[in-house]
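There are 2 protein chains.
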Amino acid sequence: MSEVVNKATLAKGTTGVLASLTTGQKNEALLVMAAALRREATAIITANGEDLERGRLNGTPESMLDRLALNVERIGSIADGLQQIVVLPDPIGDTLETIERPNGLSIEKIRVPLGVIGIIYEARPNVTVDAAGLCLKTGNAVVLRGGSSALSSNRKIVEVLHSALAETDMPKDALQLIEDPTRASVDEMLKLNGLLDVIIPRGGSSLIQNVVLNATVPVIETGAGICHTYLDSSAIPEMALNISINAKAQRPSVCNSMETLLVHRDYASKSLYSLAEAFREVNVELRGCPETVAIVPWALPASLEDYATEYNDYILNIKIVSSLDEALAHIAKYGTKHSECIVTEDQAQAARFLQEVDAAAVYHNASTRFTDGFEFGFGAEIGISTQKLHARGPMGLPALTSTKYKIYGTGQVRS
Amino acid sequence: MSEVVNKATLAKGTTGVLASLTTGQKNEALLVMAAALRREATAIITANGEDLERGRLNGTPESMLDRLALNVERIGSIADGLQQIVVLPDPIGDTLETIERPNGLSIEKIRVPLGVIGIIYEARPNVTVDAAGLCLKTGNAVVLRGGSSALSSNRKIVEVLHSALAETDMPKDALQLIEDPTRASVDEMLKLNGLLDVIIPRGGSSLIQNVVLNATVPVIETGAGICHTYLDSSAIPEMALNISINAKAQRPSVCNSMETLLVHRDYASKSLYSLAEAFREVNVELRGCPETVAIVPWALPASLEDYATEYNDYILNIKIVSSLDEALAHIAKYGTKHSECIVTEDQAQAARFLQEVDAAAVYHNASTRFTDGFEFGFGAEIGISTQKLHARGPMGLPALTSTKYKIYGTGQVRS
Chain W
1 MSEVVNKATL AKGTTGVLAS LTTGQKNEAL LVMAAALRRE ATAIITANGE
51 DLERGRLNGT PESMLDRLAL NVERIGSIAD GLQQIVVLPD PIGDTLETIE
101 RPNGLSIEKI RVPLGVIGII YEARPNVTVD AAGLCLKTGN AVVLRGGSSA
151 LSSNRKIVEV LHSALAETDM PKDALQLIED PTRASVDEML KLNGLLDVII
201 PRGGSSLIQN VVLNATVPVI ETGAGICHTY LDSSAIPEMA LNISINAKAQ
251 RPSVCNSMET LLVHRDYASK SLYSLAEAFR EVNVELRGCP ETVAIVPWAL
301 PASLEDYATE YNDYILNIKI VSSLDEALAH IAKYGTKHSE CIVTEDQAQA
351 ARFLQEVDAA AVYHNASTRF TDGFEFGFGA EIGISTQKLH ARGPMGLPAL
401 TSTKYKIYGT GQVRS
Chain V
1 MSEVVNKATL AKGTTGVLAS LTTGQKNEAL LVMAAALRRE ATAIITANGE
51 DLERGRLNGT PESMLDRLAL NVERIGSIAD GLQQIVVLPD PIGDTLETIE
101 RPNGLSIEKI RVPLGVIGII YEARPNVTVD AAGLCLKTGN AVVLRGGSSA
151 LSSNRKIVEV LHSALAETDM PKDALQLIED PTRASVDEML KLNGLLDVII
201 PRGGSSLIQN VVLNATVPVI ETGAGICHTY LDSSAIPEMA LNISINAKAQ
251 RPSVCNSMET LLVHRDYASK SLYSLAEAFR EVNVELRGCP ETVAIVPWAL
301 PASLEDYATE YNDYILNIKI VSSLDEALAH IAKYGTKHSE CIVTEDQAQA
351 ARFLQEVDAA AVYHNASTRF TDGFEFGFGA EIGISTQKLH ARGPMGLPAL
401 TSTKYKIYGT GQVRS
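Protein chains in written order, with UniProt numbering: chain W, 1 to 415; chain V, 1 to 415.
Each hint should be verified, as a subset may be incorrect.
What the hints assert, rightly or not - Taking lysine to aspartate or glutamate and the EDC-like style, the derived pairs with C-alpha atoms no more than 20 angstroms apart in a straight line are:
{"id": "1", "chain 1": "W", "residue 1": "333", "chain 2": "W", "residue 2": "306"}
{"id": "2", "chain 1": "W", "residue 1": "109", "chain 2": "W", "residue 2": "94"}
{"id": "3", "chain 1": "W", "residue 1": "109", "chain 2": "V", "residue 2": "122"}
{"id": "4", "chain 1": "V", "residue 1": "109", "chain 2": "W", "residue 2": "372"}
{"id": "5", "chain 1": "V", "residue 1": "109", "chain 2": "W", "residue 2": "356"}
{"id": "6", "chain 1": "V", "residue 1": "191", "chain 2": "W", "residue 2": "97"}
{"id": "7", "chain 1": "V", "residue 1": "109", "chain 2": "V", "residue 2": "97"}
{"id": "8", "chain 1": "W", "residue 1": "172", "chain 2": "W", "residue 2": "40"}
{"id": "9", "chain 1": "W", "residue 1": "172", "chain 2": "W", "residue 2": "3"}
{"id": "10", "chain 1": "V", "residue 1": "109", "chain 2": "V", "residue 2": "94"}
{"id": "11", "chain 1": "W", "residue 1": "172", "chain 2": "W", "residue 2": "28"}
{"id": "12", "chain 1": "V", "residue 1": "109", "chain 2": "W", "residue 2": "375"}
{"id": "13", "chain 1": "V", "residue 1": "333", "chain 2": "V", "residue 2": "305"}
{"id": "14", "chain 1": "V", "residue 1": "270", "chain 2": "V", "residue 2": "238"}
{"id": "15", "chain 1": "W", "residue 1": "191", "chain 2": "V", "residue 2": "187"}
{"id": "16", "chain 1": "W", "residue 1": "109", "chain 2": "V", "residue 2": "375"}
{"id": "17", "chain 1": "V", "residue 1": "109", "chain 2": "W", "residue 2": "381"}
{"id": "18", "chain 1": "W", "residue 1": "109", "chain 2": "V", "residue 2": "372"}
{"id": "19", "chain 1": "W", "residue 1": "109", "chain 2": "V", "residue 2": "188"}
{"id": "20", "chain 1": "V", "residue 1": "333", "chain 2": "V", "residue 2": "375"}
{"id": "21", "chain 1": "V", "residue 1": "109", "chain 2": "W", "residue 2": "97"}
{"id": "22", "chain 1": "W", "residue 1": "109", "chain 2": "V", "residue 2": "356"}
Hints are computed from structural coordinates only; laboratory data are not their basis.
Input sequences plus hints: build the corresponding full structure.
Right under this line is the structure:
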């Protein structure tokens with residue numbers, strides 16, 4: 001039996017117990033896990049040092065090494081994250097619907113765990129703890145397959161968490177880490193129907209596309225975001241500037257940041273130059289349509305490929321449009337159905353934009369950067385779904401649940 | 001461009017208009033469709049005759065031909081089905097959640113259509129109309145790929161529906177029928193990410209497995225049902241008999257019928273013989289564990305493969321167990337997470353069964369045959385989901401929807 005099948009089978013074996021744990025038992029487990037991480041911080045940092053050392057030898061860029069690096073403070077905030085999950089309401093067992101039928105059948109729709117969740121992710125070892133916490137809180141077993149560059153860290157973290165779970169009512173086999181760093185283990189997880197109930201990929205677009213295109217297990221697609229902001233002719237320049245700069249430059253590396261600014265021609269003729277200057281001040285490279293380049297001489301010409309690119313960087317496309325319709329058509333063509341914004345004082349234009357744009361989150365007069373489980377008040381986030389099935393947009397704890405119908409009869413049969 | 005890509009592209013082109021149609025406009029379209037089917041019944045019956053003729057030449061069994069055959073009465077009841085969808089509440093536009101954030105952002109979670117739904121199904125031409133009606137009512141475009149044996153019927157039906165839609169506000173391209181009867185068209189649909197938002201297979205288990213194992217488009221798995229009924233030692237014999245006979249024999253060909261009866265040893269020693277006689281009277285072949293065969297001499301020995309088989313026929317496995325735990329273990333091993341029942345007067349045993357069995361529908365003292373959208377009061381059913389993502393159990397109109405967050409701001413940016 002392969003490592004993947006072996007560990008997924010162990011995880012599946014715990015789902016019955018997990019589904020029956022009380023909220024108190026699950027919270028207790030998370031608290032013990034958090035305490036163990038703090039207590040074993042030194043050992044975790046030592047293991048993390050092996051990953052960093054290997055990374056340096058492999059020529060990994062410093063920015064990547066920084067994301068991988070753990071210290072006491074970071075481990076503390078990872079443990080804090082577990083404690084934050086503790087205070088969130090437990091969705092499991094909630095009654096979502098009650099149906100009384102004329103034949104006397106009483107039907108309850110109850111929230112239940114999904115079962116076994118596979119998470120395939122990249123470097124940062126905080127995901128190991130975060131994903132484990134969210135899955136276990138919702139009574140799911142979890143099979144983690146992290147990136148090979150964080151393998152020593154992940155292995156140590158899971159060892160610490162396993163020791164912690166041994167002191168609790170939560171079966172330690174509910175948490176599994178796949179240690180095989182080769183692609184074979186990912187490929188095997190993708191086809192593990194019957195053992196995994198869902199796979200959630202977290203990482204860059206090539207990781208996600210590999211999962212989406214090769215999995216036979218149901219997938220929740222997350223992540224890719226080519227987000228737009230449309231400045232209507234009636235947009236207030238100060239608000240338009242604040243929202244645009246925030247959407248692009250507050251944290252360009254994330255999926256809800258803006259890649260293309262669409263500007264109504266009337267707005268552009270009045271206010272695009274000063275807006276472009278503001279982008280220059282925060283070191284955003286501009287690429288524009290010919291009209292934009294005519295107004296903003298330092299903008300480079302944008303290609304069609306640019307409009308289809310998620311830069312995740314200090315680069316922005318600007319395109320001048322003549323109408324809301326043209327903006328909507330551009331978004332329909334290049335958007336990834338993640339987050340889209342209109343800045344306007346015209347309520348009718350705003351209403352049309354929010355109705356007609358097909359995306360997980362559509363904004364009127366606010367930055368696309370708010371598409372986030374914490375910003376939405378969910379208190380947690382396992383990812384941002386960019387698909388339409390099951391969950392769309394930021395996913396909090398309820399996104400990690402399924403439902404079950406319980407039907408109470410008194411001998412009813414169907415005629 | 002292939003037929004599949006061409007038609008899926010046409011369907012996708014209508015999703016913006018579809019999402020904005022009022023409930024009144026959608027209902028009007030369904031009513032015009034229903035009227036057209038009745039008016040063109042003769043032409044549809046003629047086309048159906050071609051399918052029947054071809055079927056006879058190919059040696060299709062009479063029972064299959066009967067399922068394929070249309071007459072004025074059947075067309076009338078298909079049209080009735082559309083009219084029943086008209087009276088159902090339209091879930092689109094419903095506000096599911098409202099969140100007010102401390103920073104003043106106002107967030108609404110709204111029900112929206114999924115987009116373009118692909119339906120891959122087998123012979124019966126009523127599915128063509130039924131699926132079209134459910135998808136269009138929920139503002140979804142639909143790409144139908146029916147079985148080749150009903151191609152003439154389906155083609156004529158869609159022609160009639162297209163003419164009907166031309167008189168309404170519903171774009172006729174929202175309804176597409178793939179006419180290529182080869183497997184290539186199915187294979188192409190399964191990989192049509194970007195044009196199809198979801199595929200729902202309806203049919204036998206080989207059709208469903210092909211879709212589940214080969215699709216890169218998200219799938220809602222439906223159908224396969226190895227359902228159990230467990231007769232606890234405290235079961236009332238009359239109720240146990242009524243429920244068991246109904247679960248097996250009222251309509252054995254469907255997914256919510258029972259395949260294996262699990263019987264507590266105490267119940268078996270008192271009442272299994274008379275129950276077995278009742279099954280014999282309704283011509284159900286029995287296959288049993290050695291203990292069962294000792295009590296019921298005409299039962300054949302059941303193999304392990306029998307327990308894993310969805311007979312969809314007048315055949316039943318009987319297995320005697322010594323405890324609820326043994327029954328639960330059998331169901332966990334052989335069940336398909338569809339519908340499971342316990343018959344007992346012991347509330348504690350019932351509560352444990354309903355809690356611990358992992359299935360879409362779990363019954364206490366009622367027949368598994370009730371797992372059905374109409375019996376649950378949904379007024380419609382697009383299928384019964386046996387997966388845990390998105391929808392589980394009978395799927396009514398809300399299962400054909402997604403959600404979208406609309407966020408209203410006054411210039412908020414993220415800090």
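For each hint, the structure was consulted:
Pair hint residue 333 of chain W plus residue 306 of chain W holds up; C-alpha atoms about 13 angstroms apart against a cutoff of 20 angstroms. Between residue 109 of chain W and residue 94 of chain W the CA atoms are separated by roughly 8 angstroms; this keeps the pair inside 20 angstroms, and the hint holds. With a C-alpha separation of about 30 angstroms, the suggested pair residue 109 of chain W and residue 122 of chain V falls outside the 20 angstroms cut-off, and the hint is violated. A threshold of 20 angstroms between alpha carbons decides the hint, and for residue 109 of chain V with residue 372 of chain W the separation of about 14 angstroms falls inside it, so the pair holds.
For the given pair, residue 109 of chain V sits about 15 angstroms from residue 356 of chain W by alpha-carbon distance, which is consistent with the 20 angstroms threshold. As the CA atoms of residue 191 of chain V and residue 97 of chain W are separated by approximately 35 angstroms, the hinted pair breaks the 20 angstroms bound. Of the supplied pair hints, the one linking residue 109 of chain V and residue 97 of chain V holds, its CA atoms being roughly 5 angstroms apart against a limit of 20 angstroms. Straight-line distance between C-alpha atoms of residue 172 of chain W and residue 40 of chain W comes to about 18 angstroms, which keeps the hinted pair within the 20 angstroms bound.
Using a Cα cut-off of 20 angstroms, the hinted pair residue 172 of chain W and residue 3 of chain W holds, with the two alpha carbons roughly 17 angstroms apart. With a C-alpha separation of about 8 angstroms, the suggested pairing of residue 109 of chain V with residue 94 of chain V holds against the 20 angstroms cut-off. Distance check on the hinted pair: residue 172 of chain W and residue 28 of chain W sit about 14 angstroms apart at the alpha-carbon level, within 20 angstroms; holds. Distance hint between residue 109 of chain V and residue 375 of chain W is fulfilled; the C-alpha atoms sit about 15 angstroms from each other, no more than 20 angstroms.
Only pairs whose Cα atoms come within 20 angstroms are accepted, and residue 333 of chain V paired with residue 305 of chain V is accepted, the gap being roughly 12 angstroms. Between residue 270 of chain V and residue 238 of chain V, the direct Cα distance comes to roughly 13 angstroms. Compliance with the 20 angstroms bound is thereby established for this hinted pair. Our distance criterion of 20 angstroms between C-alpha atoms is met by residue 191 of chain W and residue 187 of chain V, whose separation comes to about 18 angstroms. Restraint check: the Cα-Cα separation between residue 109 of chain W and residue 375 of chain V comes to about 15 angstroms, which is no more than 20 angstroms; the hinted pair holds.
Proposed proximity of residue 109 of chain V and residue 381 of chain W is supported: the alpha carbons are some 17 angstroms apart, at most 20 angstroms. Of the pairs offered as hints, the one joining residue 109 of chain W and residue 372 of chain V holds, with about 14 angstroms between alpha carbons and a cut-off of 20 angstroms not exceeded. Distance restraint check for residue 109 of chain W and residue 188 of chain V: the Cα-Cα separation of roughly 36 angstroms exceeds the 20 angstroms cut-off, and the hinted pair is therefore not satisfied. A C-alpha spacing of about 28 angstroms is found between residue 333 of chain V and residue 375 of chain V, which places the hinted pair above 20 angstroms, so the restraint is violated.
For the proposed pair residue 109 of chain V and residue 97 of chain W, the alpha carbon gap of about 18 angstroms is at most 20 angstroms, so the pair holds. Distance check on the hinted pair: residue 109 of chain W and residue 356 of chain V sit about 15 angstroms apart at the alpha-carbon level, within 20 angstroms; holds.
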